[in-house]
Amino acid sequence: AQSVSQHNHHVILSEAASLELGCNYSYGGTVNLFWYVQYPGQHLQLLLKYFSGDPLVKGIKGFEAEFIKSKFSFNLRKPSVQWSDTAEYFCAASSWGKFQFGAGTQVVVTP
Amino acid sequence: EADIYQTPRYLVIGTGKKITLECSQTMGHDKMYWYQQDPGMELHLIHYSYGVNSTEKGDLSSESTVSRIRTEHFPLTLESARPSHTSQYLCASSGVGYEQYFGPGTRLTVT
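Chains A and B supply the protein sequences, listed in that same order. Each position in the first sequence, counted from 1, maps to that position plus 38 in my numbering. Each position in the second sequence, counted from 1, maps to that position plus 4 in my numbering.
Each hint should be verified, as a subset may be incorrect.
With a cut-off of at most 27 Å between alpha-carbon atoms, the simulated DSSO-like pairs for lysine-lysine come out as follows [as the list claims (entries may be wrong)]:
1) A:Lys-87 / B:Lys-61
2) B:Lys-35 / A:Lys-87
3) B:Lys-21 / B:Lys-61
4) A:Lys-136 / B:Lys-61
5) A:Lys-107 / A:Lys-96
6) A:Lys-87 / A:Lys-109
7) A:Lys-107 / A:Lys-136
8) A:Lys-136 / B:Lys-21
9) A:Lys-116 / A:Lys-96
10) A:Lys-116 / A:Lys-87
11) A:Lys-96 / B:Lys-35
Sample of chain A residues facing chain B (criterion: CB under 10 Å; computed from the structure) [claimed, not checked]:
12) Val-42
13) Gln-44
14) His-81
15) Leu-84
16) Ala-130
17) Gly-140
Derived from the structure by calculation, the hints contain no laboratory data. Here the structure is a predicted model, which means the values were calculated and not measured. Don't be surprised by glycine CBs; every beta carbon is placed ideally from N, CA and C.
Based on the sequences and whatever the hints tell you, model everything.
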């Protein structure tokens with residue numbers, strides 16, 4: 039069965055620390071990968087996406103993600119977080135237009 | 005900025021009532037989706053549509069129904085609300101790029 043798993047449910051870190059959120063997917067064939075963010079009280083927004091080409095993709099707000107096909111992974115990174123990065127982050131995969139989301143990671147950045 | 009709207013944003017209703025959650029998008033997207041999300045939990049796909057007069061049930065069993073008579077409109081109906089339906093309902097749409105754009109959600113409470 040197709041699935042998306044996120045390694046951490048909760049992450050707490052200080053401002054200026056580096057962030058890496060793990061995401062693994064289980065899909066056969068071609069897959070498109072996404073990271074979404076949900077800030078407190080706001081709706082889900084697309085951070086970045088990977089369809090093909092360069093496996094290192096850059097998104098908004100300084101985030102980037104690396105697609106490693108051999109590891110079925112699509113980890114999200116940010117070198118230096120800010121308090122405003124406090125949010126819930128969802129990894130998602132789609133194949134033939136059908137989406138599957140991970141359980142989400144709640145990230146809290148302390149001042 | 006994605007233009008996808010959901011009404012109402014919040015709804016408190018008694019058991020047994022019929023309710024319709026509205027979702028509209030102005031982007032001309034063919035594909036639309038309904039998700040159910042409990043606080044701190046993953047998104048569960050409950051319905052999707054790939055075009056007018058096309059609707060399918062998602063991965064999570066739901067007692068709701070949907071219709072897609074117009075491209076821009078994808079309402080979700082609960083014929084008889086129950087406390088177990090208390091949740092947040094998210095509507096999304098996607099076009100040729102496959103990434104999904106989300107509405108602000110409807111937080112439903114059934115008493």
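Now the hints, each set against the structure:
1. A:Lys-87 / B:Lys-61: The given pair, whose Cα atoms are some 26 Å apart, holds under the 27 Å limit.
2. B:Lys-35 / A:Lys-87: Holds, at roughly 18 Å.
3. B:Lys-21 / B:Lys-61: Roughly 22 Å separates the two Cα atoms, so the pair holds.
4. A:Lys-136 / B:Lys-61: With Cα atoms ~12 Å apart, A:Lys-136 and B:Lys-61 stay inside 27 Å; holds.
5. A:Lys-107 / A:Lys-96: holds, 17 Å
6. A:Lys-87 / A:Lys-109: holds, 18 Å
7. A:Lys-107 / A:Lys-136: holds, 20 Å
8. A:Lys-136 / B:Lys-21: It is violated: about 31 Å lies between the C-alpha atoms, which goes past 27 Å.
9. A:Lys-116 / A:Lys-96: holds, 10 Å
10. A:Lys-116 / A:Lys-87: holds, 15 Å
11. A:Lys-96 / B:Lys-35: Answer holds: A:Lys-96 to B:Lys-35 is near 26 Å, not above 27 Å.
12. Val-42: holds, 9 Å
13. Gln-44: The hint holds - A:Gln-44 has a Cβ within 10 Å of chain B, the shortest such distance being about 9 Å.
14. His-81: A:His-81 check passes; min Cβ-Cβ to chain B is 4 Å, inside 10 Å.
15. Leu-84: For A:Leu-84, the interface hint holds, since the closest Cβ of chain B sits about 5 Å away, which is under 10 Å.
16. Ala-130: holds, 8 Å
17. Gly-140: holds, 6 Å
The earlier numbered hint that this structure contradicts is number 8, and it is the only one.
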